[in-house]
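K.L.:
Spelled out, the chains give:
There are 2 protein chains.
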Amino acid sequence: MSSTKERILVIARELFARQGYTGTTIADIAGELGTTTAALYYHFDSKADILRGLLEQPMAVYLRILEGLREARPAAEELLGAFVDLAVESRELSVIIDRDPTILAMIDEQLPTSSEDLTKEVIIALAGPDADHAAVVRAHAAFGVVKHATLAAMAHAGPPQNGPRDGLDPADRVEILAAALRALADPGPARGQP
Amino acid sequence: MSSTKERILVIARELFARQGYTGTTIADIAGELGTTTAALYYHFDSKADILRGLLEQPMAVYLRILEGLREARPAAEELLGAFVDLAVESRELSVIIDRDPTILAMIDEQLPTSSEDLTKEVIIALAGPDADHAAVVRAHAAFGVVKHATLAAMAHAGPPQNGPRDGLDPADRVEILAAALRALADPGPARGQP
DNA sequence: GTCTATACCCGGATAGAC
DNA sequence: GTCTATCCGGGTATAGAC
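Protein sequences, first through last, are from chains Y and Z. Mapping the first sequence onto my numbering, position 173 (from 1) lands on 173, and the numbers just tick up by one. Numbering-wise, my numbering comes out as the position in the second sequence, counting from 1, plus 1000.
Hints are not guaranteed to be accurate.
[Unchecked claim] With a straight-line cut-off of 27 angstroms between C-alpha atoms, the simulated DSS-like cross-links for lysine-lysine are:
{"#": "1", "chain 1": "Y", "residue 1": "Lys47", "chain 2": "Z", "residue 2": "Lys1047"}
{"#": "2", "chain 1": "Z", "residue 1": "Lys1047", "chain 2": "Y", "residue 2": "Lys147"}
{"#": "3", "chain 1": "Y", "residue 1": "Lys120", "chain 2": "Z", "residue 2": "Lys1147"}
[Stated by the list, open to error] Beta-carbon label-pair distances, calculated as ranges:
{"#": "4", "chain 1": "Y", "residue 1": "Thr25", "chain 2": "Z", "residue 2": "Arg1070", "range": "33 to 43 angstroms"}
{"#": "5", "chain 1": "Z", "residue 1": "Leu1066", "chain 2": "Y", "residue 2": "Asp45", "range": "17 to 27 angstroms"}
{"#": "6", "chain 1": "Y", "residue 1": "Tyr42", "chain 2": "Z", "residue 2": "Leu1066", "range": "46 to 56 angstroms"}
{"#": "7", "chain 1": "Z", "residue 1": "Ala1060", "chain 2": "Y", "residue 2": "Ala39", "range": "41 to 51 angstroms"}
{"#": "8", "chain 1": "Y", "residue 1": "Asp186", "chain 2": "Z", "residue 2": "Glu1121", "range": "49 to 59 angstroms"}
[Claimed, not checked] Selected chain Y positions facing chain Z (in silico; Cβ < 7 angstroms):
{"#": "9", "residue": "Gly20"}
{"#": "10", "residue": "Thr102"}
{"#": "11", "residue": "Arg138"}
{"#": "12", "residue": "Val145"}
{"#": "13", "residue": "Glu175"}
{"#": "14", "residue": "Ala183"}
Bear in mind the hints are in silico, worked out from the structure with no lab data behind them. Virtual Cβ for every residue (Gly too), placed ideally from N, Cα, C.
Based on the provided sequences and hints, a complete structural model is requested.
P.N.:
Next comes the structure, spelled out in structure tokens:
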């Protein structure tokens, strides 16, 4: 069940999350695996190839969310919820992906559209097509809530020996989603000076 | 006014923001500067030394915010506003600092307290000392709004040739702060089922 | 204050035996 | 499928002349 290839992926995910992609060496992975670096190259063509193996799944999920967004125009709550779940599923990866330029470039390189444009699509979906600048800012705010708070909530609940409970507490999910929606909400014109 | 040392810092800040710290080589900086790598070492002892020079100011600001937080217990709005301003002042740096483990380690290494503990202090200040778990999650949400939306708002307004206007649109600052406060607000018990 | 030249190391990757 | 041995490139940093 746990082929060597899968063990490598597990180890790499952990190390990448802890030390970053560039900060992790093939030797680190091999050491953790209990072999030499040469053995790794039997299973993967390159270091980047390992990263690709790690990114495959979450990237597919992400693209599927985008797709559904073009067809169905889901409600903001649904869309934000999908991103919370994505962040949960691939939480170690979120940490790496987010702002490592090396990885961003790699992703862009094997993506139909630039990741920047994809993000823009999400923002537009959240803010609405006829959104003014302020609405766009609020959409980014809501997105920020989802990304940041989800990781934070898991960091609190996860690491300690809470047994098999590993993901996000459902109550936290509700809390995060509510906060994101409040951030997104248009407060309307200033109250008191009509 | 623009000594070579200062020019190096400007160049480094730009390149670090664009390519990351580890992704930028001394040769990159020297090339942009118009000299050889050896010349750099007349002005700085090491690559890390350049980063330190860049981090000095914003780190001092950050620590000062923390200090004021221990003495005065500022309102959430004031505290969040201070972080918006910090993000604006050091926006290129925020991108690097945030999730490059190399840099996080370097910062921790020359900080009185671990940066993790410092963040915890901020969260407690936002959530209140008697906060329950949900309030902590909301505090992280508000923090996420500030960090994410501020960078996003500047990315929109900055790069195009908007002339000398370089920072954050005051209207955006208001919008971001309001969104963060909404995210932070306790919605109270569910409405409708008393 | 900047140059040329170079030392040195480390990380990714390969060759070929077992 | 893993080993030993090794290559190669690139990146930091230094020595010493100018």
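K.L.:
Could one say that the CB atoms of Z/Leu1066 and Y/Asp45 fall in the range 17 to 27 angstroms?
P.N.:
About 47 angstroms separates the Cβ atoms of Z/Leu1066 and Y/Asp45, which means 17 to 27 angstroms is violated.
K.L.:
Return the status of the interface hint for Y/Arg138: holds when the least beta-carbon distance to chain Z is below 7 angstroms, violated otherwise.
P.N.:
For Y/Arg138, the interface hint holds, since the closest Cβ of chain Z sits about 5 angstroms away, which is under 7 angstroms.
K.L.:
Are Y/Ala183 and chain Z close enough, Cβ to Cβ, to be under 7 angstroms, as the hint says?
P.N.:
holds (4 angstroms)
K.L.:
Holds or violated: Z/Lys1047 with Y/Lys147, Cα cutoff 27 angstroms?
P.N.:
violated (31 angstroms)
K.L.:
Given a hinted range of 46 to 56 angstroms, is it respected by the beta-carbon distance of Y/Tyr42 and Z/Leu1066?
P.N.:
The hint (46 to 56 angstroms, Cβ to Cβ) holds, given that Y/Tyr42 and Z/Leu1066 are roughly 50 angstroms apart.
K.L.:
Tell me if the beta carbons of Z/Ala1060 and Y/Ala39 are separated by a distance inside 41 to 51 angstroms.
P.N.:
holds (48 angstroms)
K.L.:
Holds or violated: 33 to 43 angstroms for the Cβ distance of Y/Thr25 and Z/Arg1070?
P.N.:
holds (41 angstroms)
K.L.:
How about Y/Glu175: closest beta carbon in chain Z under 7 angstroms, or not?
P.N.:
Where the cut-off is 7 angstroms and the nearest Cβ of chain Z is about 5 angstroms from Y/Glu175, the hint holds.
K.L.:
Quick one, is the Y/Gly20 hint okay against chain Z at 7 angstroms, beta carbons?
P.N.:
Since the shortest Cβ distance to chain Z is 4 angstroms, the answer is holds.
K.L.:
Quick check on the hint: Y/Val145 CB to chain Z CB, less than 7 angstroms?
P.N.:
Because about 4 angstroms separates Y/Val145 from the closest Cβ in chain Z, which is inside the 7 angstroms limit, the hint holds.
K.L.:
Go through the hint on Y/Thr102 and say holds or violated, using the shortest Cβ distance to chain Z against 7 angstroms.
P.N.:
holds (6 angstroms)
K.L.:
Verify the proposed pairing of Y/Lys47 with Z/Lys1047, using a straight-line Cα cut of 27 angstroms.
P.N.:
Cα-Cα ~25 angstroms, so holds.
Violated hints for the displayed structure, listed by number in ascending order: 2, 5, 8.
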